[in-house]
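Chemist: One line per chain: the protein sequences are A and B, in this order. Every letter in the first sequence is one number past the one before it in this note's numbering, and letter 88, counting from 1, is 88. With positions in the second sequence counted from 1, the corresponding number in this note's numbering is that position plus 115.
Just so you know, the hints here were simulated from the structure itself, not pulled from any lab data. These numbers were taken from a predicted model, which means no experiment stands behind them. Don't take every hint at face value.
As the list claims (entries may be wrong) - Which residues of chain A face chain B? A partial, calculated answer using Cβ under 7 Å:
1. G42
2. F64
3. L90
4. T103
5. F106
6. V114
As the list claims (entries may be wrong) - Simulated restraints on C-beta separations:
7. L161(B) - S70(A): 20 to 30 Å
8. T7(A) - S199(B): 27 to 37 Å
9. T38(A) - E135(B): 44 to 54 Å
Quick reminder that beta carbons are idealized off the backbone N, C-alpha and C, glycines included.
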Amino acid sequence: KAGVTQTPRYLIKTRGQQVTLSCSPISGHRSVSWYQQTPGQGLQFLFEYFSETQRNKGNFPGRFSGRQFSNSRSEMNVSTLELGDSALYLCASSLTYRGGTDTQYFGPGTRLTVL
Amino acid sequence: AQSVTQLDSQVPVFEEAPVELRCNYSSSVSVYLFWYVQYPNQGLQLLLKYLSGSTLVKGINGFEAEFNKSQTSFHLRKPSVHISDTAEYFCAVARTGNQFYFGTGTSLTVIP
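The task is simple: from the sequences and hints, build the whole structure.
Modeler: And the structure:
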């Protein structure tokens, strides 16, 4: 079974631009979560989607948004990029939304560099 | 909210020696506990998880962890490490939904 795929793997943008990252979960998985990983802050939860609905949201500004499609694929968007948005963005999928008992399977991440 | 503390940011250890990576969490309610490993330029891979039941959990690659409710700890251990175990290790806590709280990570370096 194919794992979680994220595209693109690397991105370079300039301040003020916007960016869209894509995540395809493992086949049959309906929950997709997004995380931001930086050296200073570590791994921080952005949001989670299940059946096209946002179920949980972390403490990030409204510039960070996401959505999930009917095939469970998910996208996250960051508008008006700032230098501090440079990070590895990880997507994780799990089978269902059920109180944290489902193992999250992570993709390889998208490395975003903001210049 | 949950918080996770990984007490050691870097742990050097000689090959074939035992290792323990420490993790403490704060929560007043039951939680689910996980250890993930991250190799360079890769995503996170699940090592093991504690949901309920036996407090000693065995995972992949010879790792195990022990859940200690009274000390709110979930330390990761391996009796004999290999060069290939060099990686970043993350402890995580989850309660409701799939919102995971991660520690800041422990960089394990195995010295030949």
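Chemist: Each hint should be assessed against the structure and marked as holding or not.
Modeler: Status of the hints after comparison with the structure:
Taking 7 Å as the C-beta contact cut-off toward chain B, the hint placing G42(A) at the interface holds, the least distance being around 4 Å. With its C-beta approaching chain B no nearer than about 15 Å, F64(A) sits outside the 7 Å limit, and its interface hint is violated. The interface hint given for L90(A) is met, as the beta carbon of that residue sits about 6 Å from the closest beta carbon of chain B, less than 7 Å. The criterion of a C-beta within 7 Å of any C-beta in chain B is met by T103(A), whose closest approach is roughly 6 Å, and the hint holds.
The closest approach between the C-beta of F106(A) and any C-beta of chain B is roughly 4 Å, which is under the 7 Å cut-off, so the hint is satisfied. Taken as an interface hint, V114(A) does not check out: its beta carbon lies about 19 Å from the nearest beta carbon of chain B, beyond 7 Å. In this structure the supplied range 20 to 30 Å holds for L161(B) paired with S70(A), their Cβ-Cβ distance being about 27 Å. At about 28 Å, the beta-carbon gap between T7(A) and S199(B) stays in the expected band of 27 to 37 Å.
At roughly 27 Å, the beta-carbon separation of T38(A) and E135(B) lies outside the given 44 to 54 Å, and the hint is violated.
Hint violations for this structure: numbers 2, 6, 9, all remaining hints satisfied.
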